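K.L.:
Going down the list, the protein sequences come from chains A and B.
Counting from 1, one number per residue, gives the positions in the first sequence under UniProt numbering.
Counting from 1, one number per residue, gives the positions in the second sequence under UniProt numbering.
One should not assume that every hint holds.
Unchecked claim - Which chain B residues face chain A? A few, computed with CB under 10 Å, are given here: (1) 142; (2) 162; (3) 187.
Said to hold, decoys possible - Pulled from the structure, derived: some chain A residues nowhere near chain B, Cβ distances all over 12 Å: (4) 22; (5) 28; (6) 34; (7) 49; (8) 71.
Read the hints as simulated data drawn from the structure, not as lab findings.
Note that the structure is a prediction, hence the values are computed from the model and not measured.
Positions of the beta carbon are idealized from the N, C-alpha and C atoms, including for glycine.
2 protein chains.
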Amino acid sequence: MTEHTAPRRRGRPRGGTDSRERILAAAVDEFGEQGYDGSTVRSIAGRAGVDSALVHHYFGTKADLFAEAVGIPLRPDIDVPGIVAGPRDEVGERLVRYVLEAFERPEVRRRGVMLIRTALGSRVTSPLLAGFLARELIGRIAKLLAVPDAELRATLVASQIAGLIVTRYVLALGPLAAADIGDLVHRVGPTVQRYLFD
Amino acid sequence: MTEHTAPRRRGRPRGGTDSRERILAAAVDEFGEQGYDGSTVRSIAGRAGVDSALVHHYFGTKADLFAEAVGIPLRPDIDVPGIVAGPRDEVGERLVRYVLEAFERPEVRRRGVMLIRTALGSRVTSPLLAGFLARELIGRIAKLLAVPDAELRATLVASQIAGLIVTRYVLALGPLAAADIGDLVHRVGPTVQRYLFD
Numbered sequence: 001m002t003e004h005t006a007p008r009r010r011g012r013p014r015g016g017t018d019s020r021e022r023i024l025a026a027a028v029d030e031f032g033e034q035g036y037d038g039s040t041v042r043s044i045a046g047r048a049g050v051d052s053a054l055v056h057h058y059f060g061t062k063a064d065l066f067a068e069a070v071g072i073p074l075r076p077d078i079d080v081p082g083i084v085a086g087p088r089d090e091v092g093e094r095l096v097r098y099v100l101e102a103f104e105r106p107e108v109r110r111r112g113v114m115l116i117r118t119a120l121g122s123r124v125t126s127p128l129l130a131g132f133l134a135r136e137l138i139g140r141i142a143k144l145l146a147v148p149d150a151e152l153r154a155t156l157v158a159s160q161i162a163g164l165i166v167t168r169y170v171l172a173l174g175p176l177a178a179a180d181i182g183d184l185v186h187r188v189g190p191t192v193q194r195y196l197f198d
Numbered sequence: 001m002t003e004h005t006a007p008r009r010r011g012r013p014r015g016g017t018d019s020r021e022r023i024l025a026a027a028v029d030e031f032g033e034q035g036y037d038g039s040t041v042r043s044i045a046g047r048a049g050v051d052s053a054l055v056h057h058y059f060g061t062k063a064d065l066f067a068e069a070v071g072i073p074l075r076p077d078i079d080v081p082g083i084v085a086g087p088r089d090e091v092g093e094r095l096v097r098y099v100l101e102a103f104e105r106p107e108v109r110r111r112g113v114m115l116i117r118t119a120l121g122s123r124v125t126s127p128l129l130a131g132f133l134a135r136e137l138i139g140r141i142a143k144l145l146a147v148p149d150a151e152l153r154a155t156l157v158a159s160q161i162a163g164l165i166v167t168r169y170v171l172a173l174g175p176l177a178a179a180d181i182g183d184l185v186h187r188v189g190p191t192v193q194r195y196l197f198d
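If we strip away everything but chain A, and leave its shape as in the complex, we get (with noise of 0.2 Å):
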């Protein structure tokens, strides 16, 4: 029988997969307990065993783990930048439209409640979704803007943006639940370019 397996061993350290699975579960744990901020690629890669590399080489950047990790199929850290460096305009618009029609995309929105809920269900798991907004929203808004108070005119942004996020579909509040992307975007749309640019 271990004539069979003797090989492999020799050959690599682990099998493919079983160290894929295991850099995500320790993924999991360390983003639980040290939050976003507070994990690093190294530290994930300590944990699972392995080496930062072979971290980066199957996920990417931590981001790209983090999405990985809570499962949603949204990618601010991706997508926003593109959208703030549009027509200028248009920009609070656009952040909002981007953000309604993810959540009603119903594997983003299952998973996003999940994760609000979790996140801000505890003063644990708060920081995985701080950390996670800080650098990858607010942070990559802010740097686009070139203003003395970038930061906090993005963190406003996002505090309207959590805050619709929160109402229409954590708490399903009727009338915002029951509104039109198409309207809410034309009504929430300019608050988010003067927190922007006025």
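Starting from the structure of chain A, add chain B where the hints point.
P.N.:
What follows is chain B alone, placed relative to chain A:
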């Protein structure tokens, strides 16, 4: 030994403090299970084994009882109508200032953050917060607006205020958590004003 307790039992069915405590315990259970809308003074009285009149006697309205049950020394059902009824061009700033100043008080912040974590954290308790917001905040603001889309306008106000509380006090996102109240009133007030009247 029983000679001492017998006369009291005959005189009145229960001590006043005992009834009050039982009503409060019943309210916590009933609000937790049925949400704010699903609970009535009658259903809470029934659960406590007392008459509805006794609930009104000790606690007043359902909103009074809710405030007592969740232990939050903040009463939008009482304060908000006055704010909205004041000079029209400053309603947005007054509402934002009211909420922020309330949450700067440690006892409001501590219990408020706890209620938000509890209410958002679970599918079961979310209707509690949603129902209270809908009836006592959004409903009261909408009634004072008297326009066809008043409910949606008031709910958008709630979305920005909820987002502000979540990002500043629950997630404690850096630039927003550090900003002073005057600056935030100046930046967020016009958003609320526009949702209400533009």
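K.L.:
Hey, does residue 28 of chain A actually stay past 12 Å from chain B on C-beta?
P.N.:
Nearest chain B Cβ is 19 Å from residue 28 of chain A, so the label holds.
K.L.:
Is it the case that residue 49 of chain A keeps its Cβ farther than 12 Å from each residue Cβ in chain B?
P.N.:
Check passes; 32 Å lies beyond 12 Å.
K.L.:
Once the shortest beta carbon distance from residue 187 of chain B to chain A is found, is it less than 10 Å?
P.N.:
Given a least distance of 6 Å, the restraint on residue 187 of chain B holds.
K.L.:
Verify that the Cβ of residue 22 of chain A lies farther than 12 Å from every Cβ atom of chain B, and report whether the claim holds or is violated.
P.N.:
With a cut-off of 12 Å, residue 22 of chain A remains clear of chain B, as the shortest Cβ separation is near 29 Å.
K.L.:
So, residue 142 of chain B near chain A? Judge it on the closest CB pair being under 10 Å.
P.N.:
Check passed: Cβ of residue 142 of chain B comes within 9 Å of chain A, closer than 10 Å.
K.L.:
Would the non-interface assignment of residue 34 of chain A survive a Cβ cutoff of 12 Å against chain B?
P.N.:
16 Å, holds
K.L.:
Holds or violated: is the Cβ of residue 162 of chain B closer than 10 Å to a Cβ in chain A?
P.N.:
5 Å, holds
K.L.:
Is the nearest Cβ of chain B still more than 12 Å from the Cβ of residue 71 of chain A?
P.N.:
18 Å, holds
Checked against the numbered hints above, the structure violates none of them.
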